[in-house]
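Sequence order for the protein chains is B and X. The opening residue of the first sequence carries number 1 in our numbering; numbering runs sequentially from there. The opening residue of the second sequence carries number 1 in our numbering; numbering runs sequentially from there.
Misleading hints may appear alongside valid ones.
Stated by the list, open to error - Short, incomplete list of chain X residues facing chain B, as computed with Cβ under 7 Å:
no.	residue
1	L64
2	K68
3	A93
4	G94
5	K97
6	I98
Worth flagging that the hints you see were computed from the coordinates, not collected in a lab. Just so we're clear, the structure is a prediction, and the values are computed from it rather than from any experiment. C-beta: ideal position from N, C-alpha, C; glycine also.
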Amino acid sequence: MSAPANYVRSRARRRPVWLTAGAMFLFILASVWTLIWFLFDSSRQALSDEIRDGLVRVTALISRDVDVAQHATLRDPAQEDGTVYATALAPLVRAQRMDDRIRFAYTAIRQDDQIFFILDTTPNDDEDAVALMELYNDPNPEIVEAFDSGEMVVSSEPYTDEWGTFLSAYTPLIDADGNVEGVMGLDLEVSQYAARLAPLRQASLLAAVLGFAFAIGGAVAVWWNRRSDRQARELSRQLRTVNAMLDVSRALGGEIQLSSLLQVVMAKISEVLDAERSSLFLYDKEENCLRALVTEGADVDWFTLPLDKGLAGRAARTSEVVNVADAYEEDDFNSDFDQQSGFRTRSVLAMPVRNAEGELIGVTQALNRRDGDPFDSDDETLMDALMAQAAVAIERARLTDAYVEKELIDEALRLAHDIQMSMLPKGFEEVGGEKLEIYASLTPAKGIGGDFYDFFRLDAHRVCLVVADVSGKGIPAALFMAQAKTLVHALAVSGLSAAETMERSNDVLCLDNDASMFVTVFFAIIDERTGTLTYSNAGHNLPCLIKPDGTITAIEGAEAIALAAMDGFPFEQAKLQLETGDVIYFYTDGVNEAMSETDEEFSQERLEAVLAESAGGSAEAISLATIEAVREHCGEAEASDDLTVLTIRWLGERRPDTASQIPGFSIGS
Amino acid sequence: MSLEINSFETDGSLIYRLVGRLDTNTSPDFEATLTEQLSKGRQRFMIDLGAIDYISSAGLRVFLMLAKKVGRGKGKMVLYGMSDHVKEVFDIAGFTKIFTIEPDAAAAQTHFG
Chain B
1 MSAPANYVRS RARRRPVWLT AGAMFLFILA SVWTLIWFLF DSSRQALSDE IRDGLVRVTA
61 LISRDVDVAQ HATLRDPAQE DGTVYATALA PLVRAQRMDD RIRFAYTAIR QDDQIFFILD
121 TTPNDDEDAV ALMELYNDPN PEIVEAFDSG EMVVSSEPYT DEWGTFLSAY TPLIDADGNV
181 EGVMGLDLEV SQYAARLAPL RQASLLAAVL GFAFAIGGAV AVWWNRRSDR QARELSRQLR
241 TVNAMLDVSR ALGGEIQLSS LLQVVMAKIS EVLDAERSSL FLYDKEENCL RALVTEGADV
301 DWFTLPLDKG LAGRAARTSE VVNVADAYEE DDFNSDFDQQ SGFRTRSVLA MPVRNAEGEL
361 IGVTQALNRR DGDPFDSDDE TLMDALMAQA AVAIERARLT DAYVEKELID EALRLAHDIQ
421 MSMLPKGFEE VGGEKLEIYA SLTPAKGIGG DFYDFFRLDA HRVCLVVADV SGKGIPAALF
481 MAQAKTLVHA LAVSGLSAAE TMERSNDVLC LDNDASMFVT VFFAIIDERT GTLTYSNAGH
541 NLPCLIKPDG TITAIEGAEA IALAAMDGFP FEQAKLQLET GDVIYFYTDG VNEAMSETDE
601 EFSQERLEAV LAESAGGSAE AISLATIEAV REHCGEAEAS DDLTVLTIRW LGERRPDTAS
661 QIPGFSIGS
Chain X
1 MSLEINSFET DGSLIYRLVG RLDTNTSPDF EATLTEQLSK GRQRFMIDLG AIDYISSAGL
61 RVFLMLAKKV GRGKGKMVLY GMSDHVKEVF DIAGFTKIFT IEPDAAAAQT HFG
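So that you can see chain B by itself, here it is in the shape it has in the complex:
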């Protein structure tokens, strides 16, 4: 698959931010400082030009006022105090008045390549004063140039000598014949020039500092820009992630089939990570291996990876992200798959997937980033985010497994139910006979399976009747029921009395009963020879004695405790003399406690009413009447307990030897 245009990644290796920012700093600083220097220099130049221009103007002006012919007469040092000298000097003095910056104003002549001072405005008492015809030692080259060229020469730059810093202008004094009679020099004191330059220098310095700050600002801006750029990229990546997650979430909402859902997730991982292939492995705890569930980008069958080999195995084993640039560089890389498929694995990103409890449930793996780079931390983040979604799906898969498990439990419950039902005796007529009519029914409630009834012959004359209710539900209850039923049956046929059967059964059932289950049992033996019922009640609800006329009596007495509740508990037994047509209705509390849709119990009263109504009928008719009444009462309400009924009708004659006994019950031990 190819990535859509908006997914194209900018993967250029970027310079570090500091480098870019530093370069920007230097660039801005260099630019600004060059500019400032240029501005300063041109300002200085302009200032100096302005000064020079001023000097040139003054020099030119003054030089015209100098009487050259008169000047030519001054050659004798003695003339210095004379009138001619003073007259000749006047223009120079005026020049100094015009511009007080003119420190020295003087004239000189050249004779035999030597320069001699003539006029000098400096008072004689000043040590700087020069005398008429005083030799100018080591003259300024510019004055020489002025002599040579016959043109005004101005020093291009201020110069500093023993007297100070000056800018000098030398203008030739041309006589009537056009010859250079001498040169007038004006030395402009330029300390003021420096003073005038100072604000400019300060301004430049300030500008330089500002430039420096600007450079820093620029660098920071660059840095910030790059950061914002990164933020922008981060944002677009997040947006992409969100979109991918949204797609996955939509898939989560829409996909019913887990496999196709995970296909979507893995496709998204391939897409967003720009990987050639991505796989999802589920961790098989039993086999301690990884099973490939989905492989995006390859048409492969399900395969299994051992945990001790391969990079996915490493991710599973160490619970850490494995991110390698070249799989073949890794010692634990398993190249079997490459060799078989011809695929060439390069970069690998393998990440453990955990459920909400933090348990390892699988590994997701992306191979070969298409741009050839290794997977980076962003890819890890993306994969992690997407797999968080996938984990939900996998958890759902596990829930599906849990559903299967529940099905298995249901199946087991059905099995328990089958066991329960198969353990119930059949053949009412075979066990009963001419004198004894037996009918029993057990309607199990879903997942309960704790009730049972039993009827069997002890010998030719005696029939044993058992109704029981195991506390609890499910398989444990079914097993406990089977155990109790078998035990009671075995002990009863071994010749024990009713009480003894209960007592022994209780002691045995109390062993290894950690679940604190118990079973209420009504145990009775009817002797067909006499029509007597000998019974022992182990915590069971009282059966009803139904006379043919509809009189109903609860069969009390010999009431002990439910079996398995407390070992060593003494049990009793009681006797009841039956008369022809008497019906005994044994049942469990699933009958009287059956709930209607409005949470109303069927109740003892209703039961007795139905029993009274159906009195005189057969054991079967009476049983079915009550069961039907309960069903009607319950309506659509689901039964919460087994519904068990065991009814006998005594059809035998009263034996003469028991004729003296009062009908009803008697208690014996």
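Chain X: place on chain B using the hints.
Showing chain X alone in chain B's frame:
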């Protein structure tokens, strides 16, 4: 069709006040609560059944479990406040013979003097 389990502690005894039905559906919750307390070493339990409307054999089994567990140690389980209807259920199963059952809290308290 539900069970409300209220518990509080006084003088080292845990008092449970149950409201509603203690049947196949609700007794596992109560059993879990008791098992947790037993695992913490709790030994003295007073259980107020005054607000219990209905108790099934599954409910009885929970008390049997508790009675057995505390009976092995130096603990005690006292049930009290049960209505006649509820008491009948205990009666039928024969559990009134093995459980300590008192009419009210004050009487129940005397077992923990």
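How the hints compare with the structure:
| no. | hint | result |
| --- | --- | --- |
| 1 | L64 | holds (5 Å) |
| 2 | K68 | holds (6 Å) |
| 3 | A93 | holds (4 Å) |
| 4 | G94 | holds (3 Å) |
| 5 | K97 | holds (6 Å) |
| 6 | I98 | holds (5 Å) |
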